[in-house]
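Using the sequences and the hints, build the whole thing.
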Amino acid sequence: MIRWLIFFFAISSTAYCQHLIEATIIDAETKTPVSFASIGIVGSSKGTSSNLNGQFSLSVADSDSLKISCIGYQSLIIYSTITSDLIELQPIITQLSEIVILDKPINARRVLRKALARIKENYTNQPFMQKFFYRHYCKDDSAYGRLIEASVDVWKNQGYRSLQKAAGDKEEIRITQLRRSLDKTTMAKGHEPISIGNILQADIVGYQTTDRHKHLSFYTDVSNLITDFDKYSFTCKAITYFDGLEVYEINYTYRKDSVLTTSGKYLALTQVTGSLFVTTDTYAFVKSEEIKSYAGNTLRSLAYYRKYAGRYYPYHFVRDSESHQSHNRTHSVHLELMSVEIKTSAADKFIGHLPNPEELLNIPYDSAFWTSNTILKTTPLEDSIIRDLGGGISLNKQFHLYHEYEMHVREGGKNGEEKFNWFKDNSKGTRILYLLFWSTNFQPYLIDIELAKRLQKKYRNKVTFIFLSLEDDENVWLQTVQQFSLYTDGIINYRIGSRSKTAASLSIAEIPGFMLLTRDGEMIRPTKRPSDPSLEEDLLKLIRQH
1 MIRWLIFFFA ISSTAYCQHL IEATIIDAET KTPVSFASIG IVGSSKGTSS
51 NLNGQFSLSV ADSDSLKISC IGYQSLIIYS TITSDLIELQ PIITQLSEIV
101 ILDKPINARR VLRKALARIK ENYTNQPFMQ KFFYRHYCKD DSAYGRLIEA
151 SVDVWKNQGY RSLQKAAGDK EEIRITQLRR SLDKTTMAKG HEPISIGNIL
201 QADIVGYQTT DRHKHLSFYT DVSNLITDFD KYSFTCKAIT YFDGLEVYEI
251 NYTYRKDSVL TTSGKYLALT QVTGSLFVTT DTYAFVKSEE IKSYAGNTLR
301 SLAYYRKYAG RYYPYHFVRD SESHQSHNRT HSVHLELMSV EIKTSAADKF
351 IGHLPNPEEL LNIPYDSAFW TSNTILKTTP LEDSIIRDLG GGISLNKQFH
401 LYHEYEMHVR EGGKNGEEKF NWFKDNSKGT RILYLLFWST NFQPYLIDIE
451 LAKRLQKKYR NKVTFIFLSL EDDENVWLQT VQQFSLYTDG IINYRIGSRS
501 KTAASLSIAE IPGFMLLTRD GEMIRPTKRP SDPSLEEDLL KLIRQH
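If you're matching positions, the sequence shown starts at 1 in our numbering and goes up one per residue.
Calculated from the structure, these hints are not laboratory results.
Just so it is clear, CB atoms sit at the ideal spot from N, CA and C, and this is done for glycine as well.
You can trust all of the hints, since none of them are fake.
Pairwise CB distance ranges (calculated):
| id | residue 1 | residue 2 | range |
| --- | --- | --- | --- |
| 1 | K170 | R255 | 27 to 33 Å |
| 2 | L86 | D169 | 40 to 46 Å |
| 3 | A509 | P364 | 44 to 50 Å |
| 4 | S293 | F229 | 18 to 24 Å |
| 5 | K462 | T280 | 54 to 60 Å |
| 6 | N107 | G264 | 36 to 42 Å |
| 7 | R519 | T273 | 45 to 51 Å |
| 8 | D169 | A368 | 31 to 37 Å |
| 9 | A368 | P533 | 52 to 58 Å |
| 10 | K170 | N373 | 25 to 31 Å |
| 11 | S293 | N373 | 32 to 38 Å |
| 12 | E404 | L86 | 39 to 45 Å |
| 13 | D169 | P444 | 45 to 51 Å |
Next comes the structure, spelled out in structure tokens:
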């Protein structure tokens with residue numbers, strides 16, 4: 001009996017011994033990386049995806065086997081004890097669109113109508129929870145300025161029973177883990193705190209607009225494929241393969257649209273092109289790719305689906321956008337959402353919502369999570385982003401710095417003087433500060449406040465503008481800040497009160513008061529007010545000294 005117990009525990013410990021497998025998936029013929037391949041643990045809903053460079057990492061048990069699938073390749077099953085860091089997938093010859101079935105050309109429009117009609121059959125109509133890994137980074141021109149990673153749970157109350165026009169209407173959403181860099185982008189204050197809803201809407205199966213419009217808007221986040229089906233043209237390009245199944249590859253294009261301007265010229269409106277991959281047997285969507293463009297702005301969305309327990313679920317979403325800002329600047333955003341696990345038990349249901357900035361700050365940080373759980377493997381590019389944003393500081397350390405920073409710049413009406421002094425000390429060696437001291441009755445120098453806001457917009461990330469209020473009543477201060485948009489363009493606001501020791505230490509004898517501090521914390525005297533045109537010369541001089 002004892003021998004059998006020892007044997008049982010030996011087998012159990014071997015089966016559940018976890019280790020991390022890391023490898024790169026490549027094309028067996030070209031030796032190039034295979035991006036966004038599905039890597040699933042056989043017999044489980046757990047898995048991951050390969051990144052843009054074909055790399056992946058996954059925590060597995062020694063007894064696990066992995067199934068690797070990708071459109072256009074033969075699926076492959078490997079043991080988790082594999083030691084090679086290169087995994088080759090064999091490409092399958094794609095049949096071009098000239099192929100006919102029963103002597104008739106493939107009718108792409110009919111195929112898609114069937115696929116849309118069978119969503120309820122191919123995708124679960126029961127409630128379920130999906131655990132995702134989220135990555136998000138932004139850049140202005142070529143400079144990266146923001147990186148966020150999170151563990152996200154989504155509970156779909158109705159499964160895919162009904163289409164929705166926006167993420168979050170019928171789902172429960174919660175973020176259990178979060179880490180991020182400081183936000184150095186020009187849109188820092190205008191950014192959504194986290195863009196879970198945006199990336200979820202890349203799911204064309206789950207989200208379709210319900211409204212018909214005369215003209216398609218570039219800023220509509222979800223597909224209009226169903227409501228405006230007749231405005232699209234469809235072509236079957238080829239038949240390829242996914243997970244052992246034949247798949248139609250269908251290209252689509254939204255009709256060209258334009259409006260007549262007052263100058264008598266036609267202005268081209270939003271254009272949409274894309275590809276849909278549909279199984280030939282059950283008409284299930286397994287991949288979608290769409291590019292939306294307007295006036296030089298672009299939005300590219302990708303969605304990948306794989307089968308689990310007889311139904312298809314999404315396993316990877318990607319969204320890349322590029323928009324043109326003022327002063328010929330370009331702002332780019334990259335979003336990814338990768339499935340980690342699916343749970344269908346009612347016991348896993350939760351109540352949640354997209355968190356606001358304050359709720360994000362209150363999420364506990366567990367550094368061990370980021371070394372022991374499945375996350376999307378970083379590419380060398382993303383590693384360089386982390387280094388650039390942190391100046392060599394790890395992302396874990398950056399999270400702590402971000403959290404401390406945000407706690408001292410938010411809710412500036414409470415303990416404002418203490419928070420400002422922390423920020424001032426923290427800025428030494430890194431930031432130029434321009435301070436504007438004001439009171440509630442600031443109408444006589446309103447022009448200086450407005451000009452300071454313009455300067456902040458022009459020199460942000462080079463000079464930090466801080467408004468320091470001597471108002472004693474916190475409610476009056478908050479109402480004034482909101483009424484006159486004093487948070488505009490990322491200006492930091494603190495209420496330090498009429499008995500401020502800070503104002504006295506900086507020799508601010510009257511209101512309005514102005515003070516310019518160098519990166520070393522030295523005061524520039526006299527400091528010019530924003531309405532003085534030569535103030536910009538002083539700012540540029542300090543900026544060049546960096």
